[in-house]
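J.: Chain by chain, the residues:
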Amino acid sequence: MAEFEPKIVAFVCNWCTYAGADLTGTSRIKYASNVRIVRFPCTGRIDYMLLLKAFDEGADGIIVSGCHPNDCHYTSGNFHARRRWMAFRSLCDFIGIDTRRIKFSWVSAAEGAKWADIVNTTVASVRELGPYDEYKKVAKKPVKEESHG
Amino acid sequence: MDDLRKRAKELIDTSAVKVVIGYEQGTGNKTRALFVENSEVADKLIFDSRCVQNLAAYVTKQEVKSKGKMAITATLPVMRAIIQLASEFQVNDDNLIVIGITPESKIIDFKNLEEVETYVHQFQIEIDARNREILDKLDKMTPSERWKFWIDELSPCFKCYACRAACPMCYCSRCTVDFNRPQWIPVSSNELGNLEWHFMRAMHLTGRCVDCDACANACPLAIPINLLTKKMIEDAKSDFGGYQPSLKGENLLSTFKPDDKENFIQ
Amino acid sequence: MSSDPHQYVISGLGGEVFENTEVKVSHCYQCGKCSAGCPLSEEMDYPPSMIMRMLQTGNPELEEKVLRSFSIWVCLTCEMCYARCPMSIDIPKMMDFLREKAIEEKKANPKAKQIISFHKSFLDSVKYTGKMYEIGFYADYKTRTLKILDDMLLVPPMIKRGKLSIIPELIKDRSGIASIFRKTIKKNKT
Amino acid sequence: MTLGFYPGCSLKGSSREYAESVLAVVKAFNIQIQEIDDWNCCGATAAHSLNKELSLALPARVLSLAEKQGLKEIVVPCAACYARLSMTQHELLKNPELKTRIAEINNLEYNGTVSILNVIQMLDRYVTPNLESRVVKPFGHKVACYYGCYLVRPHEILNFDRVEEPLSMDTLMAKTGATPIDWAFKTECCGASLSISRTSSVGRLSGKIVGDASDRGAEAIIVACPMCQSNLDMRRKEINSYLGKRIDIPVLYITQAIGLAIGLDRKALGLQRHFVKVKV
Amino acid sequence: MAKIGVFICHCGENISATVDCAKVAEVVGKYDGVAISLDYKYMCSDPGQNLIKKAIVEKGLTGVVVASCSPRMHEPTFRKACAEAGLNPYMCEMANLREHCSWVHEKGEATTQKAIDLVRTIVEKVKHNQSLDAIKVPVTKTALVIGGGIAGIQASLDIANSGHKVILIEKDPSIGGHMSQLSETFPTLDCSQCILTPRMVEVAQHPNITLYTYAELESIDGFIGNFKVKIRKKAKSIDEKICTGCGLCTTKCPNKKNPSEFNEGLGNRTAIYVPFPQAVPNKPVIDKALCTYYTKGKCKICEKFCPAHAIRFDQEDEIIEVPVGAIVLATGFAVKKTDFFPEYGYGRHPDIITGLQFERLASASGPTLGEIRRPSDGKIPETIVFVACAGSRDEAKGIPYCSKICCMYTAKHAMLYQHKVHGGKSYVFYMDIRAGGKMYDEFVRRAIEEDGVNYIRGRVSRVYEKNGKLIVKGADTLLGAMPVEIEADMVVLATAGVANEGAEELAQKLHVSYDPYHFFAEAHPKLKPVETNTAGIFLAGACQAPRDIPESVAMASGAAAKVAGLFSQDELTREPLIAVVNRQAPPVFSSCVGCFLCMSACPYHAIEKEEIKNRQGEVLKTVAKVNPGLCQGCGTCVAFCRTKSIDIQGYTHEEVYSEVMALLND
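Chains as they are written, first to last, in the working numbering: chain X, 279 to 427; chain B, 160 to 425; chain A, 368 to 557; chain L, 71 to 350; chain Z, 8 to 673.
There's no promise every hint is true.
With a straight-line cut-off of 20 Å between C-alpha atoms, the simulated SDA-like cross-links for lysine to any residue are [unchecked claim]:
no., chain 1, residue 1, chain 2, residue 2
1, X, LYS419, X, GLY408
2, Z, LYS628, B, ALA175
3, Z, LYS628, B, GLN221
4, L, LYS347, L, LEU334
5, L, LYS122, A, ILE552
6, A, LYS550, L, THR170
7, L, LYS169, L, GLU179
8, L, LYS122, L, ARG171
9, B, LYS307, X, SER368
10, B, LYS420, X, SER368
11, B, LYS407, B, ALA175
12, B, LYS396, B, TYR330
13, X, LYS414, B, SER314
14, L, LYS82, A, ILE552
15, Z, LYS178, Z, ALA211
16, Z, LYS427, Z, GLY385
17, X, LYS414, B, PHE308
18, B, LYS226, Z, LYS620
19, Z, LYS143, Z, GLU582
20, B, LYS228, B, ALA175
21, B, LYS220, Z, GLY601
22, A, LYS494, L, ALA173
23, L, LYS245, L, GLU235
24, L, LYS122, A, GLU389
25, X, LYS419, Z, ASN672
26, Z, LYS432, Z, LYS411
27, L, LYS207, L, LYS245
Cβ pair distances, simulated, as ranges [to be verified]:
no., chain 1, residue 1, chain 2, residue 2, range
28, X, ALA402, Z, GLU402, 27 to 35 Å
29, A, ARG549, B, GLU285, 53 to 61 Å
30, Z, SER383, L, ASP285, 14 to 22 Å
31, X, ALA402, Z, LYS66, 53 to 61 Å
32, B, GLY401, Z, HIS316, 35 to 43 Å
Simulated from the structure, these hints should not be mistaken for laboratory data. Computed from a predicted model, the values in this text were never measured in an experiment. Where a beta carbon is used, it is the ideal one built from N, C-alpha and C, also for glycine.
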């Protein structure tokens, strides 16, 4: 049986992680092709509802990534985002959303290798967890019964 | 109770306010909100342990606001809500007088909101023992078990929005749930729509909720949705050192500290 | 650390040093501050910074010289080098490893015989009594090194001052201590 | 709370006056103290020179025993033992695998709950606050406080005082009425671990220390380590022959100096046991 | 109905080697609203761009998706091309098929599928895009230069000479900075003050320069072209207009024993003082922390003697507010002091000094009038030791970097010593000699070869005093790390160059990034060395990293050129990717409830309150409003708004929502 290929959506900021992922490209570092990047001006712009929407629409895992603390292009967008994520993550955990499927990271424009690593480890860990059937059932998304190989 | 009625009459008679918001005897053993606009009606005012509805929810309602300056009988949760609303520019000394009621049913005449704030700040927001027990029980579950718990609990919700109407903090003129470009939250009352609605509401109340339980009390299906906000209060305490409604307007999620501690960002 | 794609790779003895002590010999930029501050460097055949340099080369001949050096035995692990190293290189920890390795490979410098005997006598005392029984240890050490007369002048005044006990104070759990030695040091090595 | 006491081998043998003076001072200040039952040698330099696991297993056994015996805090007057115990604590807490391996060797678990004090930390915590009011015979001498190696190094692990130019002993001695001198060899090594096996080096290393203290007018050298004391005291013949002159300033444990200042009996402090006569 | 054009680029073979571009074009071409979909070898080439322009005109496209490299690379190129063909440039977006797909994945179906997904996502986004117009903002053509050292002086003069107004502020009583403290300068040994003072005077006299000494930046508001800065002019307790600078007060002041900052503590100054004889302005200030009148309430001797009656004890700090269009940061550096190096004994022995103190000893205007004498007893040292890298390249002490200037000034110091003390012995302990620069290495060689300075390769472990000598313990690593001990009379430490105290605070005030050592960060290490990541704020000199004089001057001129370039236009054009608060019927309303939590969240204070009134002028509602000049477009407010009343152009709710939807649903 073919290995389960998780769908991973990445929400990243334009100035650090998007640029870092560009550097992964220019450095020709290979990583898993399961990830799809959505670009935002800043992690401060990333609405938590979008993360839920991604799960609604069938994502198995999510990456949220931006500038390291103190590196924010807008000085403090990432600090706001960090607080919001802390609250968001608590609530997810309390409601029973599998927080292992949401990876938060700081990837700077210089950390091309780190980006590849983040993607690869996320893909591997989500693959290990299997498809997010629990959520898909609630979201009335098709669940492949035998998909976990 | 006489003090309360006297004070209400005085405020109306001197035209200090146009309306006094309080409680009256409702049907059965219930109490309901009373809007005193002339001094005769003031005799209907009551206050006892049954009066748990958070009257602060009325001060942002257009119908009430349009009457003119208001006075409100306020227990501790109501006072907290008033301070939070003031920090969000919804009420101020020009349009609201607070008649405080202590746990011993004594009246406090507050001169201004600053005094209310000082009073409120004597007390921390604390989760009661019964709910703490439930939270502890939930904490001990696996995420999957919690997921099942919440899907089950929330599934009967038919989105009557009584919780929203009862909540003093849900005063938005347009709720996210009513937003349709894009449709963030499914309108239908299915499992997903219910989950997302209550999830979003809990997020919106993080750092703002005054723990008055009005939402859960208002729910016709007795869904314990207040557990969500209580959990957020608990976590705010451990993650950010807690919060208090404050006239300075420092909201928990709209501010930050550069050294906020987290342990999950890689 | 796990996300560091650049694994530290160095072959030879320097690599072994890293695996066993996490000391990266490549971190040394040869400023010489360790050698300058080492109280024993003038008695060493290679001062600490030279040892670092020799390991950096990865040259087997130089590595052999390191293991056979007197330096590693005369090092007192006084930690001065580590305290002042601008790169925080834990040289004493590395020295411990090199000593262990030198004994294992039977390459210990002949001049270090006395020092090694001292350590072994010391540990034997601990092994059999759980503690360092000074007279027994002295006797053992003197027999090992045949330096019977050295220091003997100190013994009577020490006994007079009550500084040496004639009877060893034994630990209760002697089998426990013996088992610790059994599990850590293979018999043939001591 | 009862303070645990790990004397270590020297304090039971060649440096028993250190133990005597520590216990005398502790008693004078009404501190509850209890020797760790069935303790063993920490392995000292010998163990870590020859075998890494042994050098961790021996101290770990001591810590396990202390923990089992309900001791939250132990005082380790010997600086070398203090460093060995602290380094073991550090290594074990840093590396869980190692912790498991050592527990296996020792047949004893250690959970890392014991806090390890050197003698100065112990004095600072329990004696210093009341010291000045207790002084009856101010220790009115110029003293060179000698810290040696293992009280301050490795600093990353011990995190005690400053690694260069430490001051804690000087501050403490000043409270007894002494005048601590500023000198250059506070933390230079005396060569103790080569004391027996390479006596020639020791004359030179210790000689520089005693020489500098004497040159700068010290009337006593104050130490907090049995190795340093034995070396500077018992090896005075080699020291003097290295220096080419006779220097007879005594070497006192800090607890002996404090004991004298608060009027304890000289014999109870073990002063008669020194090789260089204590005339101060 | 949308008419989207999709243009898939092969990027030579960079994309097409792993992505089946033709297939992508084919699949995407079938999507709703896609009017044309084609692939081409080089989209960014002229023919490639012409393909797009032609399609826009011929097909009447409402949106364009270029699937090629990273938008960070060519987004401006393609947006410009679209604009040239008459399509609003913000209707053009890019899908990143190269950096995020073809370069990072192996050739195969999964990679082509990912490319399809990425393009589809952007197509869906463009369907929701709106035409936007660039924002134009006016430019205030006055520059603020912070710091009056050589970098600040040079930047001020260059900007002023290009015809623009400059406000130069300096926290000390005089401009001149570290350079005014130096004796001679390497590699030419010309006198530092001789070349600096004419510049200082020029600053003071330039009609375009307003100089505020004893002044600091209080606060800043605004954005490029439109900053509003508040400057705190600390009270000098002197009426500068009346003071003639005669200096009588400084001779009469009874409070004389205060360590002089200018002489690095090697000399004293009075409480009312001019830091040094060539100071600009050459007028005294009263140091309130030291003055007997301010501390004890009695004295006023200076007032009694002042012939011009210029003393003003009641003077208070003054805050002035000025509009400026650009800012040059030239706040310089400091040298590491205190007991950072206890093993070297600095601060414990008076004859162990820093390199900057040695400059004062060697300077003709210094406390010893240029003779090298020991601070302890005034004797001329017969043996002197220079320790390089005292603090620099020391990871354990938190300064892993090379301070860059020390190798050169240490060689200079040793040389000056040999010139001044005949028969003296000098030693330099070094690890590497970094003398990259015009005539630099020759200079060091001269010290060694001609002046007989002894260079020993090894780091000093310890310095201590013994019998009136300073014992320096080192090792000669070129002799097998042989221990070396030198009995010296004086030791000079080349202490590390570090960021100024308060640099971090200033950077935060200005929203400028800084490195872990608190040096200000340039916007790009190679291509934007004088810009910061805050538009309109530039860097000059050693506030960015340790720099020598020629480099500081070059940087200052570079920053000045950037400022002049900015001032050459009357208006700036900014991207319209900013937040807006919605407005909706009837007639002008908003769903905003006016909770203003967005206000506290905004890093730029760009959110204001706006009253919505009816025809009678009664306030119906107070809502949030975004100041387009201040908003930088981070969108933090957007994610925060509960009523979804704020949205950000270019990344609207609908745009990002449709992106996510399209990503997961094919």
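J.: It remains to establish, for every hint, whether it holds in the given structure.
T.: Tested hints:
1. X:LYS419 to X:GLY408: holds (15 Å)
2. Z:LYS628 to B:ALA175: violated (23 Å)
3. Z:LYS628 to B:GLN221: holds (11 Å)
4. L:LYS347 to L:LEU334: Distance of about 18 Å is within 20 Å: holds.
5. L:LYS122 to A:ILE552: Holds, at about 10 Å.
6. A:LYS550 to L:THR170: holds (14 Å)
7. L:LYS169 to L:GLU179: With a Cα-Cα distance of about 8 Å, the restraint between LYS169 of chain L and GLU179 of chain L holds, given a limit of 20 Å.
8. L:LYS122 to L:ARG171: holds (12 Å)
9. B:LYS307 to X:SER368: Holds - the C-alpha atoms of SER368 of chain X and LYS307 of chain B are around 17 Å apart, at most 20 Å.
10. B:LYS420 to X:SER368: With Cα atoms ~14 Å apart, LYS420 of chain B and SER368 of chain X stay inside 20 Å; holds.
11. B:LYS407 to B:ALA175: Since the Cα atoms of LYS407 of chain B and ALA175 of chain B sit roughly 26 Å apart, the hinted pair is violated (cutoff 20 Å).
12. B:LYS396 to B:TYR330: violated (25 Å)
13. X:LYS414 to B:SER314: Satisfied, since the Cα-Cα distance of roughly 16 Å is no more than 20 Å.
14. L:LYS82 to A:ILE552: Not OK: LYS82 of chain L and ILE552 of chain A at ~26 Å, beyond 20 Å, violated.
15. Z:LYS178 to Z:ALA211: Holds, at about 16 Å.
16. Z:LYS427 to Z:GLY385: holds (15 Å)
17. X:LYS414 to B:PHE308: holds (17 Å)
18. B:LYS226 to Z:LYS620: Roughly 19 Å between the alpha carbons, so the hint for LYS226 of chain B and LYS620 of chain Z holds.
19. Z:LYS143 to Z:GLU582: holds (9 Å)
20. B:LYS228 to B:ALA175: holds (8 Å)
21. B:LYS220 to Z:GLY601: Roughly 14 Å between the alpha carbons, so the hint for LYS220 of chain B and GLY601 of chain Z holds.
22. A:LYS494 to L:ALA173: Distance of about 18 Å is within 20 Å: holds.
23. L:LYS245 to L:GLU235: Between LYS245 of chain L and GLU235 of chain L the Cα gap is close to 19 Å, so the pair holds against 20 Å.
24. L:LYS122 to A:GLU389: holds (14 Å)
25. X:LYS419 to Z:ASN672: holds (11 Å)
26. Z:LYS432 to Z:LYS411: Violated, because 25 Å separates the two Cα atoms, which is more than 20 Å.
27. L:LYS207 to L:LYS245: holds (12 Å)
28. X:ALA402 to Z:GLU402: 27 to 35 Å: holds (34 Å)
29. A:ARG549 to B:GLU285: 53 to 61 Å: Because 58 Å falls inside the window, the suggested range holds.
30. Z:SER383 to L:ASP285: 14 to 22 Å: Hint holds: Cβ distance 19 Å, inside 14 to 22 Å.
31. X:ALA402 to Z:LYS66: 53 to 61 Å: Cβ of ALA402 of chain X to Cβ of LYS66 of chain Z: about 45 Å, so the range 53 to 61 Å is violated.
32. B:GLY401 to Z:HIS316: 35 to 43 Å: violated (60 Å)
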